[in-house]
Amino acid sequence: GQSLEQPSEVTAVEGAIVQINCTYQTSGFYGLSWYQQHDGGAPTFLSYNALDGLEETGRFSSFLSRSDSYGYLLLQELQMKDSASYFCAVCNQAGTALIFGKGTTLSVSS
Amino acid sequence: DTAVSQTPKYLVTQMGNDKSIKCEQNLGHDTMYWYKQDSKKFLKIMFSYNNKELIINETVPNRFSPKSPDKAHLNLHINSLELGDSAVYFCASSQAGAANTGELFFGEGSRLTVL
Numbered sequence: 009g010q011s012l013e014q015p016s017e018v019t020a021v022e023g024a025i026v027q028i029n030c031t032y033q034t035s036g037f038y039g040l041s042w043y044q045q046h047d048g049g050a051p052t053f054l055s056y057n058a059l060d061g062l063e064e065t066g067r068f069s070s071f072l073s074r075s076d077s078y079g080y081l082l083l084q085e086l087q088m089k090d091s092a093s094y095f096c097a098v099c100n101q102a103g104t105a106l107i108f109g110k111g112t113t114l115s116v117s118s
Numbered sequence: 413d414t415a416v417s418q419t420p421k422y423l424v425t426q427m428g429n430d431k432s433i434k435c436e437q438n439l440g441h442d443t444m445y446w447y448k449q450d451s452k453k454f455l456k457i458m459f460s461y462n463n464k465e466l467i468i469n470e471t472v473p474n475r476f477s478p479k480s481p482d483k484a485h486l487n488l489h490i491n492s493l494e495l496g497d498s499a500v501y502f503c504a505s506s507q508a509g510a511a512n513t514g515e516l517f518f519g520e521g522s523r524l525t526v527l
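The listed protein sequences correspond, in order, to chains S and X. Each residue of the first sequence is one higher than the one before, counting from 9 in the numbering used here. Each residue of the second sequence is one higher than the one before, counting from 413 in the numbering used here.
So here's chain X without its partners, still in its complex pose (with noise of 0.2 Å):
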């Protein structure tokens, strides 16, 4: 069983479209997290939701937004999409936010190209 599974793994699109990540964890965990990782392979936080309460939102366009319908979920909607919103997008879980031990738990990635 995939512990942090994320769909789809590969998008391609055209500038303009919308498109949406789903992200979903079988851990128990209680904190998600989105984080868009580009080409030079910096990785970035974008989003954190805690047991489905939005707990961190970093500077990110208005485009992108997150939706948590249960703690095991975390999905990003992404709308009027840009060249540069190219990147790999991760999913993570931890158990009760990352100060605890370290951890987080990364899905596969999504890794979006637009066109």
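Just chain S, with the same shape it has in the complex (with noise of 0.2 Å):
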């Protein structure tokens, strides 16, 4: 099966930097994803590691070390509207659906 493992709970001030950090256990590895849901909201599509390395989109970049079986999402220059929930997620065994993890609430203080 699957599992992934998330912080629950990240603070952090405006214009800061934060990294959210993910570690999996799967039996067939096809990629990390990452997603953004606000409280209320739909999760949204952030990024995709397929590949060992840093990803940079923006504010937000995405590592993937699959030796490790661990990943982060880190986030740049915070801003308040970056306040949500973000989520981890790998394919299942078959690839035919995304397991989440359980999600890490970010809160931006000003």
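Please keep in mind that the hints were generated in silico from the structure rather than gathered at the bench. Hints may contain errors.
Said to hold, decoys possible - Covered stretches of chain S, as calculated for chain X (at least 3 residues, CB under 8 Å):
| # | segment |
| --- | --- |
| 1 | 28-40 |
| 2 | 48-54 |
| 3 | 92-99 |
Said to hold, decoys possible - Derived contacts from chain S toward chain X, CB cut-off under 10 Å, selection only:
| # | residue |
| --- | --- |
| 4 | Tyr43 |
| 5 | Ala58 |
| 6 | Gly103 |
| 7 | Gly109 |
Unchecked claim - Taking CB as the label site, the calculated pair distances span:
| # | chain 1 | residue 1 | chain 2 | residue 2 | range |
| --- | --- | --- | --- | --- | --- |
| 8 | X | Gly496 | S | Ala102 | 21 to 31 Å |
| 9 | S | Gly49 | X | Gln507 | 18 to 28 Å |
| 10 | S | Glu64 | X | Asn512 | 17 to 27 Å |
| 11 | S | Glu85 | X | Pro481 | 38 to 48 Å |
| 12 | S | Ser75 | X | Glu494 | 40 to 50 Å |
| 13 | X | Asn512 | S | Gly49 | 16 to 26 Å |
| 14 | X | Thr425 | S | Gly49 | 20 to 30 Å |
| 15 | X | Asp482 | S | Lys89 | 34 to 44 Å |
| 16 | S | Ala24 | X | His485 | 40 to 50 Å |
Here a beta-carbon is modelled for each residue, glycine too, at the ideal position from N, C-alpha and C.
Using the hints, build the complex out of the two chains.
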């Protein structure tokens, strides 16, 4: 089966940098996804890493190390609107659905 | 145009009732999903359909029955509702399965409250 571990909560101030870690166990690995979900909203896709290394998209970057079964989401120049839940996810063994971690609630204060 | 739309957005009903949630996607995707998000925000896969064929049926009570009349629609019918069914149900879609890009497109969710 699949399991993912990520911190339950992270707090930071505006303008800061925060890193949300994710470790996973899976019997077949395709890639690691990250999603953002604001309260009352839908999960929205942020990034996908299938290969080792850092992928940068604006203020957000995502990193993957397949040998360590580890990845992280890096959020820079934090803004209040970044306050949300962030989920890492991997595919199930058959590659037919995403299995999500329990989510990290990020609170950004001024 | 909303990419993945689901209705209704809110349902409040009594235990024992039957209810349905409808989902439609206009992205031309082959695969659609139902996820359940509980009060602790845990997102759990329930069902997955590819081109109208059921490919995932996780450990979900038989009271939950999905139906896909065509690849753009995936509905969820729930019989004999129980208190524990209270949750937000998300419909999602992806092109050719989640493994290719890790990207799912979610609807806005249907918040079900069972009293």
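Here is what the structure says about each hint:
1. 28-40: holds (count 3)
2. 48-54: holds (count 5)
3. 92-99: holds (count 4)
4. Tyr43: holds (8 Å)
5. Ala58: holds (8 Å)
6. Gly103: OK, holds: glycine 103/S within 10 Å of chain X, min 3 Å.
7. Gly109: holds (9 Å)
8. Gly496/X with Ala102/S: 21 to 31 Å: The hint (21 to 31 Å, Cβ to Cβ) holds, given that glycine 496/X and alanine 102/S are roughly 28 Å apart.
9. Gly49/S with Gln507/X: 18 to 28 Å: holds (22 Å)
10. Glu64/S with Asn512/X: 17 to 27 Å: Holds: the Cβ-Cβ distance is about 21 Å, inside 17 to 27 Å.
11. Glu85/S with Pro481/X: 38 to 48 Å: holds (46 Å)
12. Ser75/S with Glu494/X: 40 to 50 Å: About 44 Å separates the Cβ atoms of serine 75/S and glutamate 494/X, which means 40 to 50 Å holds.
13. Asn512/X with Gly49/S: 16 to 26 Å: holds (25 Å)
14. Thr425/X with Gly49/S: 20 to 30 Å: holds (23 Å)
15. Asp482/X with Lys89/S: 34 to 44 Å: Given range 34 to 44 Å: holds, Cβ gap about 37 Å.
16. Ala24/S with His485/X: 40 to 50 Å: Holds - the Cβ-Cβ distance for alanine 24/S and histidine 485/X, about 44 Å, lies within 40 to 50 Å.
When the structure is compared with the earlier hints, no violation turns up for any of them.
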